[in-house]
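First to last, the sequence lines map onto chains A and B. Numbering-wise, the first sequence is residues 1 to 81 according to the numbering used here. Numbering-wise, the second sequence is residues 82 to 759 according to the numbering used here.
Mixed in with the good hints, there may be bad ones.
As the list claims (entries may be wrong) - For lysine-lysine, the following DSSO-like pairs were computed, each having C-alpha atoms within a straight-line distance of at most 30 Å:
(1) B/Lys644 x B/Lys572
(2) B/Lys514 x B/Lys576
(3) B/Lys572 x A/Lys73
(4) B/Lys576 x A/Lys73
(5) B/Lys220 x B/Lys371
(6) A/Lys73 x B/Lys644
(7) B/Lys371 x A/Lys73
Since the hints were made in silico from the structure, they are not lab data.
Chain by chain, the residues:
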Amino acid sequence: MNHTDAISLTELLVDNQATIIAFHIGTVETTRLASLGFTPGAEVSMSQNYGRGPLIVTVRGTRVALGRVEATKIFVERRLA
Amino acid sequence: MSDCHSTSVPLESVIIRERMPLLALAGQPNVGKSTLFNLLTGLNQHVGNWPGKTVERREGSFGFDGQEYGIVDLPGTYSLTANSPEEIITREFILREHPDVVIAIVNAATLERSLYLVAELISLSTPLAIILNMMDVAKQEGISIEPAVLEAAIGVPVIPMTATRAVGMQDFYRVIQEILENNHALTPRLPEIRADHRVTLDEILHLIQGYVPPPYPEDWIALKLLEGDAEITRMMQSVLPIENWESTYNLLRQHDDALLAIASGRYEWIGRMVRAAVVQPKIGQISVTKQLDRWAVHPFWGLVILAGILGLVFWLTFTIGSPMQGWLGAQVVGGLTSIANQLLASAPFWIRSLVVNGLLGGVGAVITFLPIMVIFFAVFGILEDLGYMARAAFVMDNCMHLMGLHGKSFLPLFLGFGCNVPSIMGTRVIDSKPARFLTILIAPLVPCTARMAVVAFLAPAFFGSKALFVSWGLVLLSMITLVLSGTLLNKIIFKGQRSAFIMEMPLYHLPNGRTIGLLIWQRSLSFLKKAGTNILAMALVIWALSVLPNGDLNQSYLVQFGKWVEPIGRWMGMDWRLTVALITSFPAKENAVATLGVLFGSSPTAGLAQTLTSTFSTASALSFLVVTMLFIPCMATVAVIRQETNSWGWTLLNIALFLVISIAAGAGVYHLALAVGL
Chain A
1 MNHTDAISLT ELLVDNQATI IAFHIGTVET TRLASLGFTP GAEVSMSQNY GRGPLIVTVR
61 GTRVALGRVE ATKIFVERRL A
Chain B
82 MSDCHSTSVP LESVIIRERM PLLALAGQPN VGKSTLFNLL TGLNQHVGNW PGKTVERREG
142 SFGFDGQEYG IVDLPGTYSL TANSPEEIIT REFILREHPD VVIAIVNAAT LERSLYLVAE
202 LISLSTPLAI ILNMMDVAKQ EGISIEPAVL EAAIGVPVIP MTATRAVGMQ DFYRVIQEIL
262 ENNHALTPRL PEIRADHRVT LDEILHLIQG YVPPPYPEDW IALKLLEGDA EITRMMQSVL
322 PIENWESTYN LLRQHDDALL AIASGRYEWI GRMVRAAVVQ PKIGQISVTK QLDRWAVHPF
382 WGLVILAGIL GLVFWLTFTI GSPMQGWLGA QVVGGLTSIA NQLLASAPFW IRSLVVNGLL
442 GGVGAVITFL PIMVIFFAVF GILEDLGYMA RAAFVMDNCM HLMGLHGKSF LPLFLGFGCN
502 VPSIMGTRVI DSKPARFLTI LIAPLVPCTA RMAVVAFLAP AFFGSKALFV SWGLVLLSMI
562 TLVLSGTLLN KIIFKGQRSA FIMEMPLYHL PNGRTIGLLI WQRSLSFLKK AGTNILAMAL
622 VIWALSVLPN GDLNQSYLVQ FGKWVEPIGR WMGMDWRLTV ALITSFPAKE NAVATLGVLF
682 GSSPTAGLAQ TLTSTFSTAS ALSFLVVTML FIPCMATVAV IRQETNSWGW TLLNIALFLV
742 ISIAAGAGVY HLALAVGL
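If we strip away everything but chain B, and leave its shape as in the complex, we get (with noise of 0.2 Å):
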């Protein structure tokens, strides 16, 4: 999962492969790869994309005995075989790049699926480590494993470790100089294809020979053909002569059982692998994870559970948020404010407007946006690495049915409550095209931190007391909206197309700390910088505008346009100022309030609530949350699903939507507040 706006990493490795060997972090996802790759790293690391792609890009470096090491944290995949970004992403790194040593982590308590992308690795050529992780879940669930009798078998080094509580550190450490220093005499053993498909892959491998571009092993293309590999198809499609093609489809369609053929053949080789090494749980022994499951993925409190982590995030917004939010506008910013003020005292007018209007507003919406924020990555952050995501999906996906989805939708939904960009961003895990579209056209519809913080603003000084049942409602009718639009969407253009709901549930595991540390630390940092470039700008840009031509706001260049599309404003009850906040909010939907503070010259704490009370009534300031909840996607979140859908197209149908929903939603709103005496 990618945070809001990380940086962007140049083509080639930062790590400078002369000083430095470069080792490479491989592994299923729900291993604990993250928590390896930020324990050996810790701030040392580079957060970025693959290039051309919207997978992230982690690399960093870390010491020990004198030595640096570059480490690569690839993509987590099931296998090597092209149904994702990811897979592909993982096999040209480790074919193109030749990493040192490529580290495999596998979950010692689902050692026998997680060891199947190991029987894939072993394959390739480059030296293998497997870190046999989570050796304390292992335990927690009843199974015993002897690291030593797994490694004589698999003839590849095996390191047991418990990531979480930094134990196994030094024989990795160890095992990595060893294996540099090519002190590991062991051989590693490879999985054996069937014997009836051993004849047809090398009849494969014969017609192929010589013509198997670099840097791909001509026997690892054979196998990639007969699994069906699609990628590896059309590549070879293109570079073999016509006969040879002709030969080779052939063959491939008279053998299309033989992916199923050679994924067993891995998993006997792993069994063989295991047998003598790990002890079963004794039948009958309940695991914490089945006890848990027992209520978190039960159709009833399953999704009264996951209402209530949801009402919890909004509880812990308006109790700590708030009050933090509240305490930071009114020390820190009202405090540069007024040092502002005293320093340019003597300045002409417009400097010391520029500073307090201009930037220390901008600056102020930002900073106090934080607390919020960080609550946000902190519970989503937990709640990952808990394991509890797939349970909410998996609960979720009767309801994700409405809308022709599944529950996998669900989780980059549920990420947009955070930030919408990493929703988008993660809808990667769909596995079909039409239902990841479904799902990035109506993602937006999510109430993202931004938009919640808004309203956390606005709410209590428009309804005061009512404040938290005023935001429910408009969270819930952003829902009602989600789910509405999503199942009109998926009649009108998907035409009721369903894809395959198939999903790993995690075994729980205790949070890590430094984990959701490092996660926190890495997206405020990110949220910031972009406060710092994005929204900054797009305050004085606003400020501008609300002082030229000749520093009167009431002849401004921004009032003007404000009272140009005042018309369409006032259908849903808005006067100038507030349709000028709202086309503010696209740059970021923080702008909104940081906005109103520029047009009514008083910082957003200070006094602003008060001001904004007094000059609308109620019926307008519900329509201008309602319209704010779910008016166009904010710019980041724009340029991110012309990125994700790769067309204009989508993406100007896209605002299209948005546009058509909020303006008749807000309305909507406007008149029925009105009709109801508001």
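Excised from the complex, chain A in its bound form (with noise of 0.2 Å):
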């Protein structure tokens, strides 16, 4: 298994797996995240992305969508099997 640099979410493709390493981003937003399984370490995996819009990634066996301003501001390390 090998690690490559942080990246942001939305430069993820879909069903690429990544490692959530940690997110810029408003206390109130990162309990929300926290609360739907977005916590540093958790593992992602990108389920739509079509370059533009609202993307959808798997977290903790869950969909959640994210803006894709929320997005960029999610830094993961992309997972290579």
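The task is to assemble the complex, starting from two chains supplied on their own in separate frames and drawing on the hints.
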């Protein structure tokens, strides 16, 4: 298993997996993200990303829709199988 | 989500605690909480609001084995940190009312995530039981769970259940009895805080010791402070001596990363709990949800599907709703009218007029709207239960961006097609205040059932076979007005602010007939109640104004008022009768037709359509329909806007906005129609 450098979640392609490193977003949004399963170290898998508009990621078995702006503030490390 | 006119519940619980144990249902959204609540209580439930809040409060009772139980359905929340009124209500209820058992419902198909709330609930000292709901959905997604293993790990009774098919109810009753009789020899295992934050937590605990007001546990308050809970921070700032507060504040500032550490700690706990109990699907297995979402949230096909669904709703309205409406009008109201005419043949003229024109005219208008209301309630209930609503929000996100809003604002707007009142209340799902207020301002531009019913009645009368086309055009016009006003208001008032779009996409599951049936029943009932009071009263007032002072319509107060404001109506090609009809649509949009019925002295169904067609030009008719679509929101909606914004300024701004929009659009359409020779 290899790790590459940190990228924004929006750069993750469909069906790719990544590990969350950090998010730089307000307290309210952080609480919301955490309660939906987003915490540093958690694994995410990109379910839909057409390069524009909102995207869908799967985290801890839940599909979560994120606005593109929010997704750019979430940093992940790509996981290569 | 609340409906139009729920009765308010007194402050204290309806449930009498001395006679029956009190259970509280808690759970995240999309875990099937309402389904279980409905299954348990059936029609034995009260729907109201939480005191001082606009969050729906549902409570009821059920019996088992000769014992009655009271049950409260707490609002769906992802966590217990104060982000919205729902979270505050849930934790305040558990801490203050001390229910005998808190029942935490989790979704077996999204177990890891939905146990997050359990990780919080387990730290409160109230006895807890976990319901592992949607076992069928988990199986469909390829997940298998061993409830007994999970129970042993967490140390809390775990009951597997498929509430939509009433599977697991016997276990549920048995476990509740055991907990109440203290027969469950299990010790809950609590989540732990990471060592470095444990020290900070102890320091905070030391600083706040002795100052925490009841009923809050001190260690819970310390944890919430460390999590950055705004509500608890505010409370502690006001009760702590200044030096303790300053030390606490400095500690919290040094550890502002604690929130994520605590959340991670909870997920680590969850991970340990589920490790042995859950077998995840094999890699590469494609779930039903994933397959359906390929279409439902596709940037292009998703919009096509959404348009199709909206089209279907209108098609149902016209093919089933309108004929049923006609039948109800002719058979029920028409029948009652002829009976009343016979019975009152010898009564004075004004009594007969009161009953036939005032009473039956008003009631008739209301009853005949019921089929259309039921269609909307059913379709929206099914879509919500199916899990489609979140998809609609997702595909509309791009479009909502035009107005500086995001997909979540689409959900309440979508609801507005049913009734604007739940739509305004539904804006609570929007996290940021500017986005929420903007959505509230434009929400009444979504044509509600009542307005569509007026259109459904008048469009065929005026436009015959082109009625469907005209109706579509009117909806389209409303939508364009909505986007334009939203974009402008966002630029002018909200300076282009935007809020975060973070939303769960629930797994699809088959809708539950019982849940939807109850939903339709409750909403229809409250609609009829509204009809029984509000609209009927207005119908009588209009009738009285139309016969006072001397029984001659043409000299009545109503006509005098209509003629007084007629000059404004003239801009839009409307005479005093249409103007009066429009004004009387303020208490309830449906009144427009009822008023015309009273003014033309005929019942809403028998002959009114023909009378109208021969009286008004096509341009006037079109203008009247446009103004009806865009006029000031109904009285109930205005009341809810005041309640939700907590500001008369915003409410009056809303009324002014709609007056300007509707008069401008009406005048524009009228002159345009004249210009093209209609």
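Each hint tested on the structure:
Between lysine 644 of chain B and lysine 572 of chain B, the direct Cα distance comes to roughly 39 Å. Violation of the 30 Å bound is thereby established for this hinted pair. The straight-line distance between the Cα atoms of lysine 514 of chain B and lysine 576 of chain B is roughly 13 Å, inside the 30 Å bound, and the hint therefore holds. Of the pairs offered as hints, the one joining lysine 572 of chain B and lysine 73 of chain A holds, with about 25 Å between alpha carbons and a cut-off of 30 Å not exceeded. A distance of roughly 22 Å separates the Cα atoms of lysine 576 of chain B and lysine 73 of chain A; the hinted pair therefore holds under the 30 Å criterion.
A threshold of 30 Å between alpha carbons decides the hint, and for lysine 220 of chain B with lysine 371 of chain B the separation of about 15 Å falls inside it, so the pair holds. Distance hint between lysine 73 of chain A and lysine 644 of chain B is unfulfilled; the C-alpha atoms sit about 60 Å from each other, more than 30 Å. Using a Cα cut-off of 30 Å, the hinted pair lysine 371 of chain B and lysine 73 of chain A holds, with the two alpha carbons roughly 25 Å apart.
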